[in-house]
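Participant: Protein chains in written order, with the working numbering: chain L, 12 to 175; chain B, 12 to 175; chain D, 12 to 175; chain V, 12 to 175.
Hints should not be assumed to be uniformly reliable.
[What the hints assert, rightly or not] Short, incomplete list of chain B residues facing chain L, as computed with Cβ under 8 Å:
#1 ASP129
#2 ALA139
#3 LEU174
[Unchecked claim] DSS-like mimics (lysine-lysine), calculated; alpha carbons at most 25 Å apart, straight line:
#4 L:LYS164 / V:LYS33
#5 L:LYS112 / L:LYS164
#6 D:LYS33 / B:LYS164
#7 D:LYS33 / B:LYS33
#8 V:LYS103 / L:LYS39
#9 D:LYS103 / D:LYS164
#10 V:LYS33 / L:LYS33
#11 B:LYS33 / D:LYS83
#12 V:LYS83 / L:LYS33
#13 D:LYS103 / D:LYS83
#14 V:LYS39 / L:LYS33
#15 V:LYS103 / V:LYS164
Hints were generated in silico from the structure; no laboratory data involved.
C-beta: ideal position from N, C-alpha, C; glycine also.
Protein chains: 4
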Amino acid sequence: MPQPVRLFITGGTFDKEYNERKGTLFFKDTHLRDMLDLGRNLVDVEVRTLMMIDSLEMDEEDRQMILGQCRKCPRNLIVITHGTDTMEVTAKLLGENITDKTIVLTGAMIPYAFGSSDGLFNLGSALAFVQSLPAGVYIAMNGRYFTWDNVRKNRDAGIFEELV
Amino acid sequence: MPQPVRLFITGGTFDKEYNERKGTLFFKDTHLRDMLDLGRNLVDVEVRTLMMIDSLEMDEEDRQMILGQCRKCPRNLIVITHGTDTMEVTAKLLGENITDKTIVLTGAMIPYAFGSSDGLFNLGSALAFVQSLPAGVYIAMNGRYFTWDNVRKNRDAGIFEELV
Amino acid sequence: MPQPVRLFITGGTFDKEYNERKGTLFFKDTHLRDMLDLGRNLVDVEVRTLMMIDSLEMDEEDRQMILGQCRKCPRNLIVITHGTDTMEVTAKLLGENITDKTIVLTGAMIPYAFGSSDGLFNLGSALAFVQSLPAGVYIAMNGRYFTWDNVRKNRDAGIFEELV
Amino acid sequence: MPQPVRLFITGGTFDKEYNERKGTLFFKDTHLRDMLDLGRNLVDVEVRTLMMIDSLEMDEEDRQMILGQCRKCPRNLIVITHGTDTMEVTAKLLGENITDKTIVLTGAMIPYAFGSSDGLFNLGSALAFVQSLPAGVYIAMNGRYFTWDNVRKNRDAGIFEELV
């Protein structure tokens, strides 16, 4: 059997909900367990919710907490769901401080509540990358992976790309 | 940019369609391009349809054709969509004959026409595995990967598992 | 409050399920309650399952049973879910024998398991027609309604149309 | 064939879109034609977009414009898609001024972009009610219909109900 994977939830588009009364988006509980079920996942994934926020609202204290959780986690394989707007910032902090674990950050453009087809695709790829890439910190989006020290979000195109 | 990935289509549940008039399932064109779009895929994937059949109807000649296509394909990274019923048979033939390319076979339990949530999840994981695993032949299902020489389908449970 | 509506289930495409293991379609339990919930229905609907079959397999005895159930039902408003292939036959039997109740037969081209967008649309229209049409027996499909004595299924086009 | 139905679009939840980049909801084009296709609608529906706004932003001038459009419309059967927050206000204005046409206002709790199962259900019921109710102005929601002069939105419950 493959190693267990720790899945840390921080919020982001994955888990945005739609409030039918107010017509607004908000956070409640994570949908990642449901998404793993929809994907018929059979990897031993331990889901832990660290926070439920938009990554634009994530501050240094939040990131330090994520770093601390990754450090003390007994698992060597970690996937983190994260808003895409500051995903590269969190990846950089983790990459500069953790080198003995494989950590993959991933996100979604479409909330689970609206089908989140890209979320299922990204979740499947993130789980695969964490099981097959060497120790290090990566961002997995759009079927691709990037190392923490060579990625930026192209905000105009809404996608991630290498620096060089 | 990552290497291009060749995606060979052979049919299977991924591409089963629903005939509204007759209420039966059938094959027409592949939906894999649509699924890659839904997943916001940005990997350079070359889709080639080899056949559109249920893997229970796949015979030795079909498998030899798949082997021949994998051999002469100029790409080193190959993903094959395949019905799950005989996926291990095709994987064995490829594994015994090709050692210098990374080939990942994947499938779905739910047709695209019905949402195919597991298809998107498996497609994302297959694309990730083919980019990150060493040369060899693998089956990617349920978030896991198996080497061609240590996998079987547990027909009662409807899942794949190691032989040992 | 509007009158209660009796909803008789006979099967048909509405309730076809997909067997993930075998890749075949079959009947289990009705999904009409789920569909009413998805539609946020607030009409008092009493769901009763009479049978779960493809309407091509419905015989005279089955139709007599449906007629008997409609007769003895204490409600004046009745909706019947029915396969489209012989819907007109059942409608004729009911129309020739019941004149003091409003009975609307409806069906779907797409099973609930695959989204059944037309099922939700037809269910909404059938519930509306049964509340607003005078006593009589009708078929409600594709947003339209037809009286039992002036309708036939155009099998080539897969739709219902007037005889004259 | 049934009479043609004029479908006036004013916006509301039906047509809210999700901006993947900004993660916000906005209006672009109407999805009602797509929804009619999904429902396999065969009624002759003429779609006309009058405005694309949240009904909380609808002012007296907007309502007078809707009234004017309903008056000069050559059709006797009119369906209006409308945000639910002020649907009763528009219905009252129309009801006090138009008595020779059947006008049905309807809305959705879930945007088309997120599946809008209730939208398809409501659209089906609105089209059915407009074809079968006598001249007058109605609100069709949750499978029910209400006359313009005996309806209010219960904002706590998020549903419509009779005044008396």
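Participant: Run every hint past the structure and note whether it holds.
Facilitator: Outcome of the hint check:
1. ASP129: Since chain L brings a Cβ to about 4 Å from ASP129 of chain B, closer than 8 Å, the hint holds.
2. ALA139: This interface hint holds because 4 Å falls under the 8 Å limit.
3. LEU174: violated, 13 Å
4. L:LYS164 / V:LYS33: holds, 14 Å
5. L:LYS112 / L:LYS164: Holds. LYS112 of chain L to LYS164 of chain L sits at ~24 Å (cutoff 25 Å).
6. D:LYS33 / B:LYS164: holds, 14 Å
7. D:LYS33 / B:LYS33: This hinted pair holds, its Cα atoms lying about 19 Å apart.
8. V:LYS103 / L:LYS39: violated, 37 Å
9. D:LYS103 / D:LYS164: Since the Cα atoms of LYS103 of chain D and LYS164 of chain D sit roughly 13 Å apart, the hinted pair holds (cutoff 25 Å).
10. V:LYS33 / L:LYS33: holds, 19 Å
11. B:LYS33 / D:LYS83: Roughly 34 Å separates the two Cα atoms, so the pair is violated.
12. V:LYS83 / L:LYS33: violated, 34 Å
13. D:LYS103 / D:LYS83: Satisfied, since the Cα-Cα distance of roughly 18 Å is no more than 25 Å.
14. V:LYS39 / L:LYS33: Measuring from Cα to Cα gives roughly 20 Å; hence the hint holds.
15. V:LYS103 / V:LYS164: holds, 13 Å
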